[in-house]
Amino acid sequence: MKIQIQQLKKDAGGRRILELPSFSIEDGAFYGIVGSNGAGKTTLLNIIGGLDQATEGRILYGENAVEELPRKEVTMVFQQPYLLRTTTEKNIAYPLKIRGFAEKEIKKRVKELAEELGLSSLLHQKAWTLSAGEMQKTALARALSFHPRLLLLDEPTANIDPATTAEIERILRKINKEEGVTILFITHNLAQARRLCGKCAFFHKGKLVEEGESAALLTVPSMELTQRFVAGELLI
Amino acid sequence: MEELARGVAEALRMLLAFDPEIYEIVGLSLRVSLSSVLFSTLLGVPLGVLYGLHQFPGKNLLIRITYTLMSLPPVIAGLVVFLFIMRKGPLGFLRLSFTPTAMIIAQICLVTPIIVGLTYNAVKEKAPRVKQLAATLGAGRGEAVKLLIFEVRTGILAALVTGTGRAISEVGAVMLVGGNIVGKTRVMTTYIAQLQRMGNYDRAIAVGIVLLLIAFLLNAVLYQMQERQGRA
Chain B
1 MKIQIQQLKK DAGGRRILEL PSFSIEDGAF YGIVGSNGAG KTTLLNIIGG
51 LDQATEGRIL YGENAVEELP RKEVTMVFQQ PYLLRTTTEK NIAYPLKIRG
101 FAEKEIKKRV KELAEELGLS SLLHQKAWTL SAGEMQKTAL ARALSFHPRL
151 LLLDEPTANI DPATTAEIER ILRKINKEEG VTILFITHNL AQARRLCGKC
201 AFFHKGKLVE EGESAALLTV PSMELTQRFV AGELLI
Chain R
1001 MEELARGVAE ALRMLLAFDP EIYEIVGLSL RVSLSSVLFS TLLGVPLGVL
1051 YGLHQFPGKN LLIRITYTLM SLPPVIAGLV VFLFIMRKGP LGFLRLSFTP
1101 TAMIIAQICL VTPIIVGLTY NAVKEKAPRV KQLAATLGAG RGEAVKLLIF
1151 EVRTGILAAL VTGTGRAISE VGAVMLVGGN IVGKTRVMTT YIAQLQRMGN
1201 YDRAIAVGIV LLLIAFLLNA VLYQMQERQG RA
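In order, the protein sequence lines correspond to chains B and R. If you count the first sequence from 1, position 5 lands on 5 in my numbering, and the numbers rise without skipping. If you count the second sequence from 1, position 179 lands on 1179 in my numbering, and the numbers rise without skipping.
FYI, nobody ran anything at the bench for these hints, they're computed from the structure. Treat each hint with caution, since some may be false.
Quick partial rundown of chain B residues pointing at chain R, CB under 7 Å, derived from the structure [to be verified]:
#	residue
1	Arg71
2	Lys72
3	Thr75
4	Arg85
5	Pro95
6	Trp128
Think about it this way: if two alpha-carbon atoms lie no more than 25 Å apart in a straight line, the pair counts; the simulated DSS-like pairs of lysine-lysine are [stated by the list, open to error]:
#	chain 1	residue 1	chain 2	residue 2
7	R	Lys1126	B	Lys72
8	R	Lys1131	B	Lys72
9	B	Lys108	B	Lys97
Backbone N, C-alpha and C define an ideal beta-carbon position, used for all residues, glycine too.
Could you put together the complete structure from these sequences and hints?
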């Protein structure tokens, strides 16, 4: 699903926290957003995901460029996922249930995702007894259960061990390549952004500083601010 | 201490001998308390969810009033209900004075704020994340509310446990509106008060023990439900 961001502005607490020029994220892209804390990355993601509203500007979704968020086709996964107080299986099945899928189809899809994400032995386990990595994989499986066309990820591997991170990255690459899911990915991990994202944007203090191919942007950026960020300098 | 020992023995005797008077009183106590909890739940849970989910003018005031009413003295609840239903009161034509219905109404006034307040607390705590989750998974408004109620089910059951405890143990309200009439409005708590006044301590303690046993059983059932829901 193509996303067009048009002159987006967001004010909060009496100050402007986001001010972006028009740019777009192509259908099927794996697009990264990097930047220090307070750069406006999560604010943008929340606006795209319909959890927050822009003060000015607009976002268009899909090839037909609709302003209304197609809720049934977009989903988000956060750094600290909220799992329902029930089993892993019921968590993954929830989006399918509310979409009226038949029980047989739900079971089949849950089984498929559990196998893919290594959750098969945990399906009957209570969600609150899972480890952080297992919780994140459950949240991802739940998000993928209904074949979304746009997946918004806010630092989904920030608290996860390297092995689980690698597993999640493999799944994300797969759904992006094989199913053509557009992925918008916020991360503080520049190596991860290089590995996963075709294109990247660097945000600083609510502004888009630079955008381009990840390999170039995160290795030899053209803007001085991006160079300092990539070099690991603390930007104030 | 002698009275206490005799009271325990009397309690056992009453229960094992199927004392008709005590079973009638226990039956009415349960009918009044459980009816009031049922109506308070039907009224209080939706109100608690509404307060927890929405912002509206006067909400803060309503919540403060609810919290205050959570510790409403039963005699005040009883007095207000009595003033409404007494023969010369605005609802006097309904002829509810000194009936079990009046006792149920008085207890509804006591239990509903407890259920509203505790449901509101449970909802308020979870609502932001559950609403966010519902939105990100494509759930509609109705589905989101259903999901929220599912997520706060243990909190709602805790409200029911507390409300049931309040209803079964209070004496002031049911005494004022019911009048402790033998065979008609006498419940365990009013009976204990009367036995104490008559100096019949053994029997008062015995009825007290029966009341405690019933409260224990009701709470055990609700607690078990709460535990099961918590693990579900």
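Against the structure, the hints come out as follows:
The interface hint given for Arg71/B is met, as the beta carbon of that residue sits about 5 Å from the closest beta carbon of chain R, less than 7 Å. For Lys72/B, the interface hint holds, the least distance from its beta-carbon to any beta-carbon of chain R being 4 Å, beneath 7 Å. The interface hint given for Thr75/B is met, as the beta carbon of that residue sits about 5 Å from the closest beta carbon of chain R, less than 7 Å. Taken as an interface hint, Arg85/B checks out: its beta carbon lies about 6 Å from the nearest beta carbon of chain R, inside 7 Å.
Hint status for Pro95/B: holds, given a least beta-carbon distance of 5 Å to chain R, under 7 Å. For the restraint placing Trp128/B at the interface with chain R, the shortest Cβ-Cβ distance is roughly 10 Å, beyond the 7 Å limit, so the hint is violated. At most 25 Å may separate the alpha-carbon atoms for a hinted pair to count; Lys1126/R and Lys72/B meet this at roughly 23 Å. Between Lys1131/R and Lys72/B the CA atoms are separated by roughly 15 Å; this keeps the pair inside 25 Å, and the hint holds.
With a CA separation close to 13 Å, the supplied pair Lys108/B and Lys97/B stays within the 25 Å bound.
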